[in-house]
Structures are given as C-alpha cells and as structure tokens.
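Engineer: Quick note, the sequences are listed as chains W and E, same order. When we follow numbering that gives the first Met the number 0, the leftmost residue of the first sequence carries the number 0, and every step to the right adds one. When we follow numbering that gives the first Met the number 0, the leftmost residue of the second sequence carries the number 0, and every step to the right adds one.
Honestly, I wouldn't trust all of these hints.
[Stated by the list, open to error] Keeping only pairs whose Cα atoms sit at most 25 Å apart, straight-line, the calculated PhoX-like set for lysine-lysine is: (1) E:96 / E:85; (2) E:415 / E:386; (3) E:336 / E:355; (4) E:336 / E:10; (5) E:555 / W:139; (6) W:73 / E:555; (7) E:169 / E:415; (8) W:2 / W:73; (9) W:76 / E:555.
[Said to hold, decoys possible] Some chain E residues close to chain W (C-beta under 10 Å, calculated; not the full set): (10) 494; (11) 498; (12) 501; (13) 509; (14) 511; (15) 513; (16) 558; (17) 561; (18) 569; (19) 573; (20) 578; (21) 580; (22) 582.
Worth flagging that the hints you see were computed from the coordinates, not collected in a lab. Owing to the predicted nature of the structure, the values given are computational and were not obtained by experimental measurement. Every residue, glycine too, gets a C-beta built ideally from N, C-alpha and C.
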Amino acid sequence: MAKIRIATTSLAGCFGCHMSFLDLDERLVALADLVEFDRSPITDIEHCTNCDIGLIEGGVCNSENVHTLREFRKNCKILVAVGACAINGGLPAMRNFIPLEECLSEAYLDGIGVENPQIPSDPELPLLLDKVRPIHEVVKIDYFLPGCPPSADVFWAFLTDLLEGREPSLSYELVHYD
Amino acid sequence: MQQFIQNLAEKNQHQVTHLLEILREIQARYHHIPADAIEQLALLLKIPRTQIISVVEFYSFFTDSPRGQYELLISDSITDHMLGKKNLMEYIVSKLKVGVGGVRSDGLVSLDNTSCSGMCDQGPAGLVNGHALTHLDRSRIDTIAELINQQIPLADWPAEFFQVDDNIHKPGLLLSQGIVHGQALKKAMARGLKATLQEIDQSGLRGRGGAGFKTAMKWQFCSEEAENERYVVCNADEGEPGTFKDRVLLNSYAHQVFEGMTLCAAIIGAKQGFLYLRGEYLHLVDKLQSVLDERRQFGLLGNNILDRLDFDIEIRLGAGAYICGEESALIESLEGKAGIPRNRPPYPVSQGYLGKPTVVNNVETFYAAAAIAVNGGDWFASVGTAKSKGSKILSICGDCARPGIYEYPFGTTMQKILTDCGAEDVLGLQIGGPSGTFISNQEFDRKLAFEDLATGGSFIVFNNSRNILDIAHNFTHFFAHESCGFCTPCRVGTSLLRQQLDKIVDGHGSAGDVVALEELCQLVKTHSHCGLGQTAANPVLTTLERYPELYQSQLKLISYEPGFDLDAALETARRMANRDDAGAHLAQTDAE
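With the rest of the complex left out, here is chain E (with noise of 0.2 Å):
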C-alpha cells in the first residue's frame, strides 16, 4: 500500500487540491481510507491528517471502515421509490444476504442507500463501485449476485446493466440545432470579445443551475477583477433529484460545453478551466476525457487557441456530495476540501478557486453560450418571456409515458408539457426538485420561467395514486441526509424537521403537532447559511400549503402523544431485568 500511495502522491504532483482524486483512488482499490493511507498522506502532502479525516467523514463516497469489494449502492430518489425500489431493496438483502449499510461477513459486496443517482428516467437505478447501474430489476440483481459470488470483474459484466440512454424526446432551439467544432470561438474572436460579451448580454441569458443570475454579467464582473489569474468553473454536480439533463449533455454535447467554457476563458482571461463533475458520473469520464483531446487536437484547447488564446480544462469527480451543487461549496471542493459553503460575499468572481476570480455556470449555461455567440443574441432572445430569455432543457420523470429530455421555450405551460410527456391523472408536479416547488392539479396553467416556475431542470410527475406525505417524507429525509453540518439551524434544524414530519407521518402527531412542523420550517429556513437549509422545508412548507387538510387528518383528537415508542423503549431494560409485572410498561398516552 506504502508504494501505492506514494506513486499516487506523485501522480497528482503532491497537489493538496488533488486530494479527493487520491482518496477516490484509495477507495476504490481498497474499499475504504485506512488509516494508514491517511497517516502517510499526510507526509507526503504535508497536510495535518485531521485535514483528510475531515474530507473522508465528509464525502458519502469515502469510508474509514471497509465496504465489499463489489460496493452496492442504490437510488433512494422519490423517483426511484415510484419505480419500485423498497421492494427491490428486500429483494437485494434477501438475494445478496447483506442488511442495508452493511457487509457481507465474506467481505464481497457491501450495500447501502445513496441520493439520486441521476437515472430518473431509467431507474430503479443504483451504482457499483462507482459506476452506473439502471433499470435494475429482479433478474438483474439475480445475474448481479451470481457475477458477485463468482467475482466476475466489472469490466466483463454484461454491458447493458451500465447502458445509460439520453432519452431525448423534444429537442428545442439549443437541442435541435448544434454547432460546427470551434465555430462559436472563430465567430467570437471575428466579432471581437467585448462584442460577443454584448451579444450574450443581448441574449439575456441567465443562471441555467436554478438561481438565474445574468450571465453576461457575471463574467463582465469576473473580467473586471483586478487580477492576473482567472478560472472558469463548469458546475456539472447535478444532484438535485429528478435533474439529469446535463448528464445528456455531457454524453452527446460535450464539446459545445467545452466551447462554451473556453468562449468564456477568453472573455475574462482564464487560462485554466475545472469540469467538476459528479461521482455518480463516473461513466462519462473516459468519454470526456477523449473529447477533451480532440478539441486540443482540433487546436480548441490547449495552447494558441486559434492563435489567441492560452487555455485548458481539467475534469474533476466529486465524491457524493449533494452541496457540493453550491458554487462555493463546489470551489471548496474542488481546492480538496470538504464542501462547505463560504461566506458570501466574496462572490466566486472577485475570490473563487484559491482566491481568484472565478466563473462558476451551470452545463447548461456554457451549452447555450456558445450557440449565443455562433447564432446572436437576438437570436436567443426572440424565444422565450420578457424576463426569462431562451428556452429551458427538462428532465422530466416520474408518472409519465415518456420520460426524458424535453427543450421548451420559456413561457411553456405546465398542461402543455404533461401533454407531451404523456402524464395522465396527474395529482401534482415537482417542480425544480425537492429545493423547488410542489404544484398541484390546479395549477397547471402555470408558465416555465423564473417569474413563475423556476427549475434548474428537475421536473417530477405524480399521478393519483402517489401519496403527497410519502413525496415530502422522502424529500425531508434526503435534506437531512445532505446536510453539510456546518451551522445549527441546518444541521439540527433538518434531522429537527425529519423527526417531526416523520412522527405525523407514522400517526403519533396531535393538536399542535403541524403548527410545530410550520414553526420548524420557517426556522431552518430563514435562519440557515447557504440554499440547502434555506430550501430544505420547501417540500413540507409547499405541500401543507396546498393540502392542509392532509396534514391534520394524521392527527390524533388528543392534546400530545410521543413520537416514539415509549413502551418499546423499555424493552431493553425489561429483559435484561427479568421483568414483566405492570410497573414495567408504560402507555403510549396519559389515559388515565
């Protein structure tokens, strides 16, 4: 191991910032961080070795304790979970002979839940050892335990367990028409640069992760830094659940991305660009990699970019990290660092990667640059509202005939889209998920665009016979999963709120039990540090506000009842005592 760990110290240049590259190999070929890797990392990187501890306990794709040689992870997405997956995950347990966050005595296969894995619209989905598993079913995981017991290696497991399709069902304005190999960059640099900021500007492009801040003048802001080193950040940490549109546009537009990314680097000066790319994307890395060696063959990369311009990108995974999504958390990380949101502001463009100025966009955003800055602003801009330029790509999945890839100008009305999709008897919509908004059958005349629905791309259908409680449970669970851990109202307020909705769910609520719930939920969210705890009630908070009536049915006609077992909680006790005479029980409630 000693050699091992000093050869890949070498390979990333003893680089700190390379630190979850290292450690995503160590995990890899020895299923856990032992300690001793930890200590002699340590050395070589000169690093205290709390500083690794902290990024191992971090990150959900590390784990100080040994996992299987073949690590199981499967989806718990919402959508996942409308797929089938409880009874899937029993099956597993009884089929593989493993419990849920636990190894198999033999050591072989090691299983556990992780968050959306990004294969809505082909789940129950899951992971092996990093890489992408879909349409799992039950003679799937039979041929998978059979390739397990006989330790079969990946590489020679049937190739259609790792298929991932693109799905792509409605190709729009950006979609329909792609770009010629660095003819955005040719047209940008025969217009001129400040030109082509004006035309993007024009477009009025925005933010496509969510948020929606003008892109034009994020990059003016960046440009205008007074510094010598810039970067440009391409965020493809796509963990909302439901969202997976920019995994379709890695796998079959990648080079309009690159494009985008490198039309930017000319625009504010950056000479390095970071493609952060999501763990559970580990799949599109080979394919990445070898479209980043074309555009350097191409000359689009590399240096003397079409004689100009000085400029590559470098792709880096991330570990299982739903935060790192938030641009400075995504910075933190991509420093080697646990993903904790900074302090904002700085904002990334004055204080980004290392302190310098930083652009950090969205896929999605860079896809559509680079077609703004071949095609023209107005071009872009004759699509879409006033205020939301354009149009948006969707994932759409859930209850629907046809889930996939869908591009629509903004504007589009939710009827239209379920129409397409083919969602029928529909009960609700999630829109821009679980940190979005829950519509309800009502409300479907409601329009695509940051003025009324905003999404980052996230688009989840339920029909009638899907459980509202059970969609915000799910949500509130994930929120409490992800959270970073760094401020109280967050990290408390989230398990806080997970307890709480979980005892009205499992009927122990009464009286004031919702009014509760309500008065948690405004907690976390005015008074968290960063979008994850300020989003984190919005499952609850959406759907009590349209189904009140839903949440005070599962009360009780009593004042208080526990959320927990109490006659259960002496079991232990009980037993060890010997005992069983009346004083050793307690009632659920005070009845007498």
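With the rest of the complex left out, here is chain W (with noise of 0.2 Å):
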C-alpha cells in the first residue's frame, strides 16, 4: 500500500508545534512504517504535491502565509489546523489591537535604536496584513487540534484515527488543560 503523504508547515507560529509532534519520539518509528513526509520543515521539500494531510501550524500575518496556506489547500486531501496560533491567531494576534502603522513604525521609524530609519521595501519580502488572522478565516479547514501546543498524545490519537480510517475525535483529557 503506498504510504500516506503528510505535509507540514509554520506561518505566523514559533514551531512549537512541531516539536511537540517530535515529542512522539519512538513513535515516530511507527508512523514513518504508514506514512511519508513531503513539503515539510522536517523534509525542507520546498513545495508540496498531492498531499493526503496537511498541518498548519501558526496564523496568517503576511501575504506569503496566504500563499502557502493556499498551496496547502490545494495540494492536500485534509487540511487541520494545528494549535492555538492557527486556530485563533494566538500571541501573533496580540498585534491585532495596535494599529500597523504604529507597529511598523515603531519597529523601523521611531523606535529606541533604530538606525537609518525605513520601511523595508524590496519586492522579496512579503507585506504584512492589517491583522493576524486564524486560518480558516482563509481558506477552508477540516480539523481542528487545539493547544498551545497540542501534545504528542494529540497528534498520535489524531493521526492514527485518521489512519485506521476513523472520523478523528479527541478525548476530554487530551484537550482539558488546567
């Protein structure tokens, strides 16, 4: 049977998702018997091609993060967000109550220590949006797996669900957190 095809990325996260999926340390043995990586941080597959599941990790800030979000949604089967930045815009979002203009401003204009005062402008790098957005809000998102970040526990139930062909369903202790 070929191996399922799993593509991963962050956008506006800290990647601390993706270390807790590395948290599933000897399990990670398991899973790499079912399934194989593509477009990933883990691969550094630059784009990713026919995907059965794609996890998002982080929120949309930028027009880059659009595009990705957008090369995931159509290159894979089942597309999941993945923590609490992808979900609800998370501690990027806390931007979202300061206008832009101040934020870029106080970053490349005024602000203690900065030098040869600009906004950085080259066609390479991508324009910041108004505000840091949850992905569904983007494109549309099948599953969601809470967190900050979602435990190793959680991908594993999650994963192996959706491996053994079951609709995926988390138990209260896998998203109780206090």
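Can you join these two chains into the complex? Each is in its own frame, and there are hints to help.
Structural biologist: Below, the structure is given as structure tokens:
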C-alpha cells in the first residue's frame, strides 16, 4: 500500500507545535512505516504536491502566509489547523489591538535605537496584513487540533484515527488544560 | 467636583446599592465618569475602585472619556431603520459635523447609536442627555443642530420634540376598565390575603414579561421562605426591541401598577418595593414620583396602609443594558453592580435582592393582578385559552397603518391582529422581539398564546418590501452588542454569529458557510448561561428554517472565500513600503 503523504508548515507560529510533534519520540518509528513527509521543515522540500494530510501551525500574518496556505489547501485532501495560533491567531494576533501603522513605525522608524529609519520595501519581502488571522478565515479547514502546543498524544490520537479510517475524535483528557 | 461628589454620596447615604444613581448624576453633569470621581467615590462608599470601573464599563450610558455637552444617541432598532434611520443618521453626521461614536472638536455634541429606545411607534427616535426624542426627521435635526450650536438648555427646546404618545388603539379586558385607587387593596383586605392569592391562582395569571411563570405560585413560594425581609420588584426594564407597552402602562396607568405591587407586598409580607425603570424612560420619572406621592397622601403607600401594612416603593433607573431585563441581572443592577445574571437556582423568590426573598414581576403582571383582586379570578379566566388565561397587551409597530397599543384575549389569531392594525402585503412578523420568533405569511392562523406564539409584547410587522436578511442582521448585531460578556459561548459566540452572518450577507459566503452558521447557532443556543445567549441565535434560526433558499442564494459557487477583503488588508503595509508590484497584492480567492 502506498504510504500516506503528510505535509507540514509553520506560518505565523513559533515551531512549538512541530517540536511537540517530535515528542512522539519512539512512536515516530511506527509512524514512519505508514506515512512519508512531503513539504515540511523535516524534509526541506520546498513545495507540496498531492498530499493526503496538511498540518498547519501558526496564523496568517502576511501575504506569503496566504500563498503558502493556498498551496497547502490545493494539494492536501485534509487540511488541519494545529495549535492555538492557527485556530485563533494566538500570540502574534496580540498585535491586532495596535494599528499596523504604529507597529511598523515603532519597529522601523521611531523606535529606540533604530538607525537609518526606513520601512523595508524589497519586492522579495512579503507585506504584512493589517491583522493576524486564524487560518480558517482564509481557506477552508477540515480539522482543528487545539493546544499550545497540542501534545504529542493529540497528534498521535488524531493521526492514528485518520490512518485507521475512523472519524478523528479527541478525548476529554487530551483537550483538558487546567 | 469634589464637593459635588461628596454631596452626592451623602444624598445617597453612602449606599453602594445606589451606585447607578450616583453615576447617572455624575455622567449627567460631567458627560463622563472622571477617574478622579471614581477614586473619591471608592473612598466614600468604601469599595474598591475597580468595582466602580466595572460598573462604568458595563452600562452603555456611562463613559470613561468625555462625551459632548449634548449627548445625542439615535435608536438602532429595526423599526427605526424601517422609518429611515440610516439616511437620517447620515444627515445628522453631516449636519452636526460629528461622526458616529465621536465627539465634535468643540466638545459641544457627541453622537452614537443606542439599542431600541422603546419609541418604535413614533420613531425614528433618540435620546439627548437621556431624554427621549421622537419623530425625528430632517427638519427637526436642523432645529436641533441650531439649538445645540446656540447652547440652548434642553428645558427650552420645543416641547413637541419630547412628546411621547400612548397610541392606544384597542383596549381590551384590562385597559377598558380601570380600577379605583385603593380598590384592589381594600377588596383584598376584605376578602382576606390568602383568599386573594387564591383568586390570582384561579385567574391563571402568568408572568407577562414573556416567560409565563404562574404569578400566584411565585408569590406563594416567596411568602413561604423563612425570612423576615422580603422585596417586591417591578421589572420595567423594557428593552426587547419592539416593546413599549410598559411605557404606556406607566405613563397612564401607574396607579394600578403600583397598586399591584402593594397587593403583592401585602400577600408576601414585603416592606420595600422597587420600580426598576430602564434609563431610556427617564422622561417618566417625575410623573411616576408624583403618582407615588399621591398614593402616600391617599394612605395607599407608606406606613399603615389601610391600617394593616407598611410598604413603600422606590424608583431606580437603569443605564442602558438590555440584559438587566433578566430578573437576576436586574437584581444585581439594583444592588449597584454590573448586570450579570446569577446562577439559578437559587431563584430570586428564595434569594433575591440582598439575598432576601424577592418577587420580580413585569409591569403588566402587577397591573393585571390589581384588576384580578378587584374583579376576581373567574372574571380574568373567562377570557383566553386553556393554558393562557386573560388578555395580552401588545405593542405593535413596523409596517402597519396604526402602530401602537392593542389588547387581545389570548387565542386571537395573527390574521385578526394584522387586520386591526392595518397591515397589508405582509411578508412576516417578529413575535416577542429578536429573542422571539419570526413567522412567515403562511402562518397567520397561529394564535397569541404561551402554547403557540408567546410574546412579552413585541409585535413587529414587515411588509414585502423588507429583506429577511436585513432583519436577521440587525437582530444579530443587537445581541452581539448586548451580550454581558460573562460566559464565553455568548460573549464570543454572538460576535462569531455576527461575523459569520455578515460574511454571508456581504456576499463573501461559499459552500459550507450556511452550515457553519447553523452549527454556530446551535452552540450558542445550547451552551450559554442565560436567556440572552440561549435566544441570540433565534433571528437566524427562525428565518433560516423558513427561508433556507434565501440564505443559500447568497453563497458563491466556490468552496471557500475569505470573509474579509484580503487585498485591502495589505493596504497599510503597501502604502508604508511604497509598493504596488504584483507581489504586493492578493486575489480574494485562489484562482491560480
């Protein structure tokens, strides 16, 4: 049987969700028998092609995030929002309460210690969106894995459910945080 | 200011329960609640300043930054919109030279929206420094702009601007025969209080606020509590958009309402009562105070009423919060706190105001109870249906020739009511306000009754020129604005509902968006703490059930589209980076 292809990426995130994924530890060996990784920080493949599952960490903060997200949506049968930032915008979305103009001015024009003040304007650089958005506000998302980060057990429960053909469900213990 | 606040605190005997009264006066004088005032008040009332701040932030009539010397609020009810509110607001903005939500640079005038001000039969309506304005139109706005620019005191404004009419078109069982002052009390005393409670039980009277709990049972439960101190509260926080019958009852039948409260006090053994009047009805206060004074002179209020009873009534004003119509939130507000609903049980009948047994009833309930004490239970029960006895007073507004007050026996069909009020070419009705039900023109044989169409009084008619989605949109925004913020399903849920509905109405909806909207509705409905959240999805649910194709037709034939303008979201960054290359733009959907 062909292996299930998984792609992963981090948008406006901290890679904490990816680190948590690696906490699967020895279960990664069992997983590797069933899946292979397409575009992902684990493989360094730059673009994804025909995948079964896409795991997205982080919210959408700039135009590049939008393009990446759309590439994933186009190439992944199932797209999953992983972690608080993908689901709600999370920590990066704290800037939503400050106008973008003020953020950029503080960082590049009038902040303490800024030398040669100017707003970076190289066409290579993605532009910032006025607000950080959860990913489901930009493309359709099929599943949401809550947590900051979701624990390795959450990844395991979700992926094994999918791999074994069950509708994924997370038990209360897995999404209970206090 | 220090002296003013000190006097204010003394006038209110340093009572924390009077916090809303105190803040109302500070807002009226300074057009905001200054931080210094909060500091001083915290010391005087011996409460933390954060407690005061929480109250200031909760009620929409209190502001922490200065508003204009003339605080102008325009009612945002669907009925005001039907009377041309949107255009009028644009005119006000241009005429007064102040944006919605803003204060003019000279500090003279501020402008904002406010939830339904209860003048639905005489809108577009508004409030200026808390006083109700009716029949607003361009010529009145022209005059108002002049009056404000010349800084004419409100007392010298044309009286007709503030004129509020009763518009009673169809009196029924209760409205057509009033009672003589004191008659209900005298009859009750002569009959015996137990026997009178029996009569009320016999009458089948149920709460007129909408929920319909049996009145006699409520009074009985309260009287049975093992406590010495009890309270009677009249809920006149008539905030459900489209409802204004309590305003009319209090304007023209206040004696009978107060008599009903006094009767309740006699039966349950209360010494103190409160009329919790919504802040929007400030214009009624002086009149109501003089009715109370009159009753004291007649010996129908105060000490030794009919040689049997000590009972008095105090009027307390709200400050712009729909949620305070919920009885436990109302009690919190009476205690001088933010109006956040309590956990129930314990119900107010066992632990209400200051933790003591309290009866909270609607204005119309007390009004009806007084008549029942005079005329007997059978008189009342002879009208209506098996489960809904007596009559119901409706406030009818919207697309009809004669908006105003109508009283009908329960069991009356919608068709009959529509004919009476002169409604033609009707698309549908909103019964019971936004928290109630929308019914289509296929359902006009349905009946006014708790077991069919229940309402606290709101009855809004829409004709075929109206758009269902505009209605759902207005109501959904109303709930998102009025959520008290206590529980997450309602605080976040009502905002998400607003966002999701806006997305569909604005034409950004796609394949799964109506399903997502419906799922969200169910979540908000089933998980919210109180009635506000539990009914906040009704406008969408009741219209979606009847017009699914209307919602579907808004959707685009693509799998997904963002609900916001992606390219516009890059505008600030584009401008600041001085870019306009292809990479500096985004397509709304993934068409590549």
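Engineer: Are any of the numbered hints broken by this structure? If so, which, sorted upward?
Structural biologist: 10, 12, 15
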